[in-house]
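Student: Construct the complete structure from the given sequences, taking the supplied hints into account.
Residue-level listing of the chains:
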Amino acid sequence: MVRVVLPFHLQTLARSEREVRLDIDGKITQRAVLDALEARYPMLRGTVREHLSLKRRPRVRFFADGEDVTFEPPDAELPASIASGERAFMIVGAVAGG
Amino acid sequence: MTAIRILVGTRKGAFILTSDGQRKKWSVDGPHFGGWEIYHMKGSSVDPDRIYASQTSSWFGQIIQRSDDGGKTWSQPGSGGKTEAAAESGMPQGESNLFVYDSSEETGKPLGTHQWYDGTQHPWEFARVWHLEPALDDPDSCYAGVEDAALFRTTDGGVTWHELAGLRGHESGPNWAPGAGGMCLHTIVLDPADKNRIFCAISAAGTFRSDDGGDTWKPINQGLHSEHIPDPTAEVGHCVHRIAIHPSKPNTLFMQKHWDVMRSDDGGDSWREVSGNLPSDFGFPIAVHAHEPETIYVVPILSDSLHYPPDGKLRVYRSRTGGEDWEALTNGLPQEHCYVNVLRDAMAVDTADPCGIYFGTTGGQVYASGDGGDHWEPIVRDLPAVLSVEAQTLS
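Protein sequences, first through last, are from chains F and S. Per our numbering, the very first residue in the first sequence carries number 1; after that it's consecutive. Per our numbering, the very first residue in the second sequence carries number 1; after that it's consecutive.
Honestly, the hints are just simulated from the structure, not real lab data. All figures in this text were calculated on a predicted structure; none of them were measured in a lab. No residue lacks a Cβ here, since even glycine has one placed at the ideal position from N, Cα and C. Treat the hints with caution; some may be incorrect.
[What the hints assert, rightly or not] Now the stretches of chain S that chain F is said to cover, found in silico as 3 or more residues with beta-carbon under 8 Å:
(1) 52-64
(2) 97-104
[Unchecked claim] Some chain S residues judged to face chain F by a derived CB distance under 7 Å, without partners named:
(3) G35
(4) Q76
(5) S79
Tutor: What follows is the structure in structure tokens.
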């Protein structure tokens, strides 16, 4: 079970709590987490990653185990603390604007 | 018993204002989608409780919302408002916010490039939906004008959207350039007398018309004169801010251009200036009285560099002669220290009698007049900056 923390505006869109829990088989990577998130909450498709290209939207950042993993390869394994559910994978809207 | 519903899109959410036909007492419902930019909301004329909304964010992209109960509840088309259960049953597919330019061989056009601010070529990139125009004969059909400029259509209530690529793919496309707000298709006008005739306006490309339901398009900018572009009378490149028609005279179009108020009496084939005695002919919205096809309204703004009313006075100008002769409407509007703007989609009329007219400002006020503009009152004063206003007349 992987825990994912959503930014406020995606919580309202998904009608979810701040933290959602996802069951993921296999390697726990950024791509696997986002695939599972979008499968369970299809209304989030296109909001974190672009449709089709699956490129991260420019103002979205990812944090895992206290580290900024935004620019890590999407198929790189995330820290063990994320895979075990000890800590949450965080999707964050970049600080900008008012 | 007539009722009026005003759909207000703002920088930080949507608001719905309702009143009976007297238009004296209003209730304010909202914010819906708090914190999100709501560029536009519009209801179907076939089923007024079917309302489409464009919810956007520079962070999280484009969302389409739909209400089937007059704005009480909303969901993304196809989701049924559900999450996990819907996903397990195969719905939704998350397609309602999928706007992909059609570059397929069968129906599309090559993606190509358009002109950037510095004159170089720039690839077409989808940013957001500026305007939603429900079809006149089917509540499940709706057009969407998007940035970078293109026209999309849904025929399934907003679940899926498909580009009408003939417009973006017009041979003049590489000469289109963004205005200050981006290269947006912001106005869609459907001809009530001819199902195949559609008008669109793009900043800063100009006005276009299709006579075959959106497959092919022609620029209709003859008579426009824009001194800020290299060729002031070019076929495309004009920063048209808004166009409007009266349903009973669809061959007559009114235009608020960047500078200049214009009219056409031949379906856009030619235009002439009708700015007349306006204190400034720069502005954004233009509207036509519901029952008087030659009565039109604009809100003059000082200049392209100074987006606020002349002399700090918020004045709507009305012409009862289809332009040229204008009168200032000031009763109930602030006449000192007022420096708000009224954006292109932020003025609308109802079809009650007498005609009601409404506009929203960047200062968050929504003003209403129940007598064609003679007297104004604010419905609300302190909303977030208003991006769009639409009026529905309910029976």
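Student: For each hint, tell me whether it holds in the structure or not.
Tutor: Against the structure, the hints come out as follows:
{"no.": "1", "hint": "52-64", "result": "holds (count 7)"}
{"no.": "2", "hint": "97-104", "result": "holds (count 3)"}
{"no.": "3", "hint": "G35", "result": "holds, 6 Å"}
{"no.": "4", "hint": "Q76", "result": "holds, 5 Å"}
{"no.": "5", "hint": "S79", "result": "holds, 6 Å"}
No hint from the list above goes unmet by this structure.
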